[in-house]
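Dock chains B and C against the given chain A, drawing on the hints supplied.
Spelled out from the first residue to the last, the chains are:
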Amino acid sequence: METAVLKEQLKKQLIEFLNLTDLKPEDIKDDAPFFGDDGLGLDSIDSLELIVLLHREYGISIKDPKIGRKVLVDINTLAAFIEENRTK
Amino acid sequence: MFYIQQIQCISPQQTFPQASLDTLLDPVNNKLNVIEPSYDGVPRNALRRMSKSVRIGVGAALPIIKNTGTHIDGIIIGTANGGMEDSIVFLKQVIEFEEGVITPGHFVQSTANATAAQLSLVSANKNYNITHVHRGHAFELALIDAAMQLRENADSNYLVGGVDEISVYNYKLDELDNWYKPAPVTAGNFYTQNTPGSVAGEAAVMLLATNDSANAIAAVIDIVTLHTTDIADVQLALQNILAKHGDTIDIFLSGENGDNRFDTFYTAVENELNNDVTVARFKHICGEYPTATSFALWFACELLSTSHIPAHAVKKQGSSSFKNVLIYNVHKGVQHSFILVRES
Amino acid sequence: MGVISAIGNTVAENHSALINGSCGIGQLQDFPSKYAGELPFAAVKLSTEKLKQILGVTDPSVTRTTLLAMAAFTEAIQDAALAAATLSSLGTALIGASTVGGMCLADELYRDANESYKESPYLSSYDCASVFLYMQKHYQLRGLINTINTACSSSANAIMYGARLIQNGLAIKAIVGGADSLSKFTINGFHALHILSPEICTPFDENRQGLNLGEGAAFLVLEKAEDAAGKKIYAEVKGYCNTTDAFHPSSLSDNGDGPYLAMQGALASAKLHAADIDFINAHGTGTENNDLAESRAMQRIFDHVPPFSSTKSFTGHTLGAAGAIEAVYSILNIINGETHPTLHFNNTIPDTGLTPVTTHQSIKAKHVMSNSFGFGGNCSSLIFSSVS
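Protein chains in written order, with our numbering: chain A, 1 to 88; chain B, 1001 to 1344; chain C, 2001 to 2388.
It cannot be assumed that every hint is accurate.
Per label pair, the in silico range of CB-to-CB distance [to be verified]:
no., chain 1, residue 1, chain 2, residue 2, range
1, A, GLY59, B, LYS1031, 36 to 46 angstroms
2, B, VAL1028, C, ASN2114, 15 to 25 angstroms
3, C, SER2116, B, GLN1014, 26 to 36 angstroms
4, C, SER2116, B, GLY1100, 19 to 29 angstroms
5, C, ASP2107, B, THR1192, 20 to 30 angstroms
6, C, ASN2114, B, ARG1261, 20 to 30 angstroms
7, B, THR1306, A, THR77, 54 to 64 angstroms
8, B, VAL1028, A, GLU8, 34 to 44 angstroms
9, B, ALA1154, C, ALA2275, 28 to 38 angstroms
10, C, ALA2268, B, ASN1029, 49 to 59 angstroms
11, B, THR1195, A, LYS63, 25 to 35 angstroms
12, A, GLU16, B, GLY1069, 35 to 45 angstroms
13, B, VAL1028, A, ASP30, 41 to 51 angstroms
Hints listed in this document are in silico derivations from the structure and should not be mistaken for laboratory results. Here a beta-carbon is modelled for each residue, glycine too, at the ideal position from N, C-alpha and C.
This is chain A alone, in the form it adopts within the complex (with noise of 0.2 angstroms):
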């Protein structure tokens, strides 16, 4: 899969795990950060929820937090991850 494609593909999927429903794909930027007042605005429960996301549809499993901690960035840190570690 090209990274553009699944960066589209991981927005959608974080509006609808995240129920951010006053967000397109399109609002949401490749650096735009997940965390803090200035990006997405998520919480440490949203990081909990991102690591289901990220076992159920790319088969990796975090068991530290800590390892969310530096992936859960934005999208292109993301799209980074999965690239290298999905196994579907």
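Chains B and C alone, transformed into the frame defined by chain A:
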């Protein structure tokens, strides 16, 4: 006991932000669902995590929080089923994924204190915060809590609310347990079917309780709760209230819900009151739910401040005075309550 | 007082485990969750059937949470020698707390809600109020009854509400406490939040890995000092405070604002200074977040943090029962002039330098503080004091 300075209600009818109850919406499939507002002013990132009961609770409280600023000394919520929907959505995930990798969002939202917690977050309030969940008394016990707080801390104010939602699952459980009528009900035949069961309802009522009588909407004079199946206990409780506060009831707001198994309680209470008392009903407006007395209190405030009862609510026209309103309710035949409300 | 937990079915059994350092956390037997064999839990050592038999309950709608509540309630009313007439007096209130209620029957709830199983005996047993509504009927209670749910601080708030009812003249006696049982529901919820420890929990340890879930119940009988004259009195409810952290739905703020305000408010309500507190039964769940926030809040309140301990290292986290169980333990600290250890502790958290008490020792315990914090930012602190 205390004064109501502000009160807001999101219900199945036109009650928010202004009330217009002359025309009523009928139940759909024997459910009276709330009319949800647009929730302007609720942070979007908070809204996406809220179940319906939390949304309507926060929505109804927001105007009060805005008017009162940060000076709220506590948040006191009564809810019987807060979190039920999220509980079962979470449980569904647990069972479908065989206790595998599952998301925690619905679990966190499933705690009954979610409304009170979200209110503390949206108003950055670090004060007293509690959630009473004693089913048909949850709202009354919240009122009693506020009354105690206002005795303990005279110059303070409390955001007090009653909120419950019809969730797919609590409706199903109550339906299986014969609390809802199988035959379709309209606002017009709500009380006349003479069969067991009622119509499901939901609403959120939020009020600001203080000791300040200036510009108050109404005063809550007494709140009495009792658990019994014996009519004599209910009659005795009523006699005690009348002896204590004077037998001066103008309007009896009856919690009748069209379930003929409980009519005897309401009739007994009606018969204890003077002949010239006006008898009014409210469950055809909001439906039956455990904290429906919070809707009754909102309705009592509406009657006292407008000196007008919509015709559909009148069961028996008596005195045309609008000073003292007595609310009586019984939930599932065991949990009885009286709330005495007076003009301010 | 009455208590049932993983370390004993009575106050005496709990007390002896606390002074002997016998931990109640271990493997779960015959429990319908895949985690039963994988993670440690702190179960009450009586089956649901056995509890029914002991309590003489035959009603099929009664859940384990209710049975645990009844076991502790029965011990409390016997200890206080409450006659049936007193129990049924209009002035006797029951203020209960629970967060799981009938949802200990997770599979049954799922079945009833999805498959329309009309024959289910549990249709009105799933909420938390069902526990105390059943007790109202069973014990023929006629006073004010309440159920409080502020997550893990629930029963601390039940104690507070009962004490305030008495002070406001709305009850003469208040039987206050809480109950929760292990449930597939809470087990998976805390697991999904990554805060269940794979090992036996180590509160306040640098390498703590989370909490262990437990179950149990406790009740206390409260009455006014003048009414209690001449009776056996264990302690006084000296102060209390309920505050909110207003930070996050399921975690505490880094500096523990809610815990700080709760402890500070409880001191003010008790008219005591921080230095008057002799011992703290901490919330101390064993999670990364709680123990750090609670430690920091203690350091903000106390110039010298008094001896403190987390008895959750014995009982696991009993959620809605924890505040009441730990109230009983705090009172045991007072009447026996003793500390209870934090088990399994090895390394002090470097950031705080705070080390909990790890042994059973004699101390002067005139004023003991008990902390309970919950999801939604609900924080409560209680202070119990000796009466002599």
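(message) If you test the structure against every hint from before, which numbers come out violated?
(response) The structure breaks hints 5 and 11; every other hint is satisfied.
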